[in-house]
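**Student:** Starting from the structure of chain A, add chain B where the hints point.
Spelled out, the chains give:
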Amino acid sequence: MMDREQLKLELKQMIIRECEKDLRPEQIPDDAILIGSESGLALDSLDALQIALAVKQQYGKRIDGNNQTRVALTSINTLANFILSDSVP
Amino acid sequence: MIQAISASDYLQPVHDGAALPPLEAALKNLCRERFRRIDRFIQLALLGSARCVAGRTLQPDCGIYLGSGLGPIGNNILTQQQLIRDAEIPKPVNFVNTLGSSAGFHVARNLGLRGQNFFISRRGASLQAVLGAAMADLTHGVVGQALVGVVEEVTLPLGEHRLRQHLPEDRTLAEGSHWFVLQPGTGDSRSLDLKRFAEFATLEDFLKSVWRTGDRLCCARSMETHAAKTMQRGFDAGALSGPTSAFHDSLEAAWLAAFAVSREPGTLFLVDGHPERGWSLFYLGA
Numbered sequence: 001m002m003d004r005e006q007l008k009l010e011l012k013q014m015i016i017r018e019c020e021k022d023l024r025p026e027q028i029p030d031d032a033i034l035i036g037s038e039s040g041l042a043l044d045s046l047d048a049l050q051i052a053l054a055v056k057q058q059y060g061k062r063i064d065g066n067n068q069t070r071v072a073l074t075s076i077n078t079l080a081n082f083i084l085s086d087s088v089p
Numbered sequence: 090m091i092q093a094i095s096a097s098d099y100l101q102p103v104h105d106g107a108a109l110p111p112l113e114a115a116l117k118n119l120c121r122e123r124f125r126r127i128d129r130f131i132q133l134a135l136l137g138s139a140r141c142v143a144g145r146t147l148q149p150d151c152g153i154y155l156g157s158g159l160g161p162i163g164n165n166i167l168t169q170q171q172l173i174r175d176a177e178i179p180k181p182v183n184f185v186n187t188l189g190s191s192a193g194f195h196v197a198r199n200l201g202l203r204g205q206n207f208f209i210s211r212r213g214a215s216l217q218a219v220l221g222a223a224m225a226d227l228t229h230g231v232v233g234q235a236l237v238g239v240v241e242e243v244t245l246p247l248g249e250h251r252l253r254q255h256l257p258e259d260r261t262l263a264e265g266s267h268w269f270v271l272q273p274g275t276g277d278s279r280s281l282d283l284k285r286f287a288e289f290a291t292l293e294d295f296l297k298s299v300w301r302t303g304d305r306l307c308c309a310r311s312m313e314t315h316a317a318k319t320m321q322r323g324f325d326a327g328a329l330s331g332p333t334s335a336f337h338d339s340l341e342a343a344w345l346a347a348f349a350v351s352r353e354p355g356t357l358f359l360v361d362g363h364p365e366r367g368w369s370l371f372y373l374g375a
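First to last, the sequence lines map onto chains A and B.
Using the working numbering, read the first sequence as starting at 1 and increasing by one per residue.
Using the working numbering, read the second sequence as starting at 90 and increasing by one per residue.
Just chain A, with the same shape it has in the complex (with noise of 0.2 Å):
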C-alpha cells in the first residue's frame, strides 16, 4: 500500500518539474485548487494535460474527461485520492 503522505509529496515533485514551476513542494497546499483562473499556481488546461500524462505513466492511472476521473486534478487530496482508489486503470 502506498503511503499517502509520500504520494502527496510525489505528486507535488511530479506537478512542479512537469509543469516547470519555480516552486518547492511545500509551497503547495494539499486542498489548493490546481487549474483555472482560481488556482493560485496559475497552471491552465495544458498543464492538465501534462499533468494526466505523467500520472497515467507513473501511476498507470488514466485521467480521461469523464467527470468522476476529471475531478481527480481538483486539487492534490483528489488526485491522490484518485491514484489510491480502487477504479479501474
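For the record, the hints were derived by calculation from the structure and aren't laboratory data.
Among the hints, a few may not be true.
Stated by the list, open to error - Pairwise CB distance ranges (calculated):
hint : chain 1 : residue 1 : chain 2 : residue 2 : range
1    : B       : V350      : A       : S39       : 50 to 58 Å
2    : A       : S37       : B       : A107      : 38 to 46 Å
3    : A       : N77       : B       : P273      : 55 to 63 Å
4    : B       : A107      : A       : L23       : 51 to 59 Å
5    : B       : A107      : A       : Q13       : 25 to 33 Å
6    : B       : D282      : A       : L23       : 46 to 54 Å
7    : B       : A143      : A       : D64       : 30 to 38 Å
8    : B       : V350      : A       : P25       : 45 to 53 Å
9    : B       : G367      : A       : K56       : 29 to 37 Å
10   : A       : S37       : B       : E177      : 29 to 37 Å
11   : B       : F124      : A       : G40       : 15 to 23 Å
12   : A       : Q6        : B       : D105      : 41 to 49 Å
13   : A       : L9        : B       : A176      : 25 to 33 Å
Glycine included, every Cβ here is placed at the ideal spot set by N, Cα and C.
**Tutor:** Showing chain B alone in chain A's frame:
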C-alpha cells in the same frame, strides 16, 4: 524603399564532444518574463529576436516572419521517439512545440506584438522565403513593420545531425538565430531590395549593370554549383569577411546580418534560385 533598421546575429559553432551552450542566463536578461514550456529552438528564437529589438519599440502590429530549414528538430526527434520508439503518447508540451509557429508565438509575446505571425520552412532557402514574404507585405502595406528571422538549432550527437543533412563528417556545425527589423522609408539604415528574374542570364546582366568595386556577392547554398562558382569569379567578389564558415541551413542570414550592422561600404548581393523556379536577387545597400 525598405530599410533594415536593425539586425542581430547569434552564430555559435558547436564542436564534436562539446555540449550545447546553455542559453538560460542570456534569456533571463533579455526576456520580460520567464517562459515555461520552451525548447531550444524557441530559446534561440527569443535570444536572436530580443537582441535585434533591444532598446527599440516596435509597432504593435509588426509582423513576424520566422524561417528555418530544419525547424524545431530537437523537439521533433523527442516527440518521434516517444511516439515510435517508446510507443507512448508524446508529452503535450513536446507535441505543441513540434510546430515552428510555437516559437513565433513566444517571440510575439516577449515583444508585445499582436500582428500576423508566419513560420516558413524551406530547406536551404528559408531566409529568402521569409524575406520575400515580408518584403511583399511591406510593399503592399499589409504590415508597416516586419520582424524577420531565421533560426537553426543543432542536435546531439553531431554525427546524426550531419547525417540528417547529408553533410560530410568533418563539417563544422553551428547554431544560429539571425533577425532583422524591416520597415518602409528612407534614412541612415541600409536599404533592402529584391528583384526576381526568370532567366539566370538576365540576373547576371542586371548584376553587371549595378556592380561596383567593393560590393559583396553571396550565392545561396541551393546554388552551390558550377554556376555559383563561376559567378563568384566573374564578379571578383572575393571572400566575404565576418561570420565563421561553420554550417547551418540558413547561413546566408549570418552574412546578411553581419553586413547590415557593419559600416562597410558597398552592397551585399544575395543570389538564390533554380533554373526551373526562377531567380531572386536580394541586395542590402548603403
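**Student:** For each hint, tell me whether it holds in the structure or not.
**Tutor:** Status of each hint after checking the structure:
no., hint, in the structure
1, V350(B) with S39(A): 50 to 58 Å, "violated (45 Å)"
2, S37(A) with A107(B): 38 to 46 Å, "holds (45 Å)"
3, N77(A) with P273(B): 55 to 63 Å, "holds (59 Å)"
4, A107(B) with L23(A): 51 to 59 Å, "violated (33 Å)"
5, A107(B) with Q13(A): 25 to 33 Å, "holds (31 Å)"
6, D282(B) with L23(A): 46 to 54 Å, "holds (52 Å)"
7, A143(B) with D64(A): 30 to 38 Å, "violated (46 Å)"
8, V350(B) with P25(A): 45 to 53 Å, "holds (47 Å)"
9, G367(B) with K56(A): 29 to 37 Å, "violated (52 Å)"
10, S37(A) with E177(B): 29 to 37 Å, "holds (31 Å)"
11, F124(B) with G40(A): 15 to 23 Å, "holds (20 Å)"
12, Q6(A) with D105(B): 41 to 49 Å, "holds (44 Å)"
13, L9(A) with A176(B): 25 to 33 Å, "holds (30 Å)"
Consistency with the previously given hints fails for numbers 1, 4, 7 and 9, ordered from lowest to highest.
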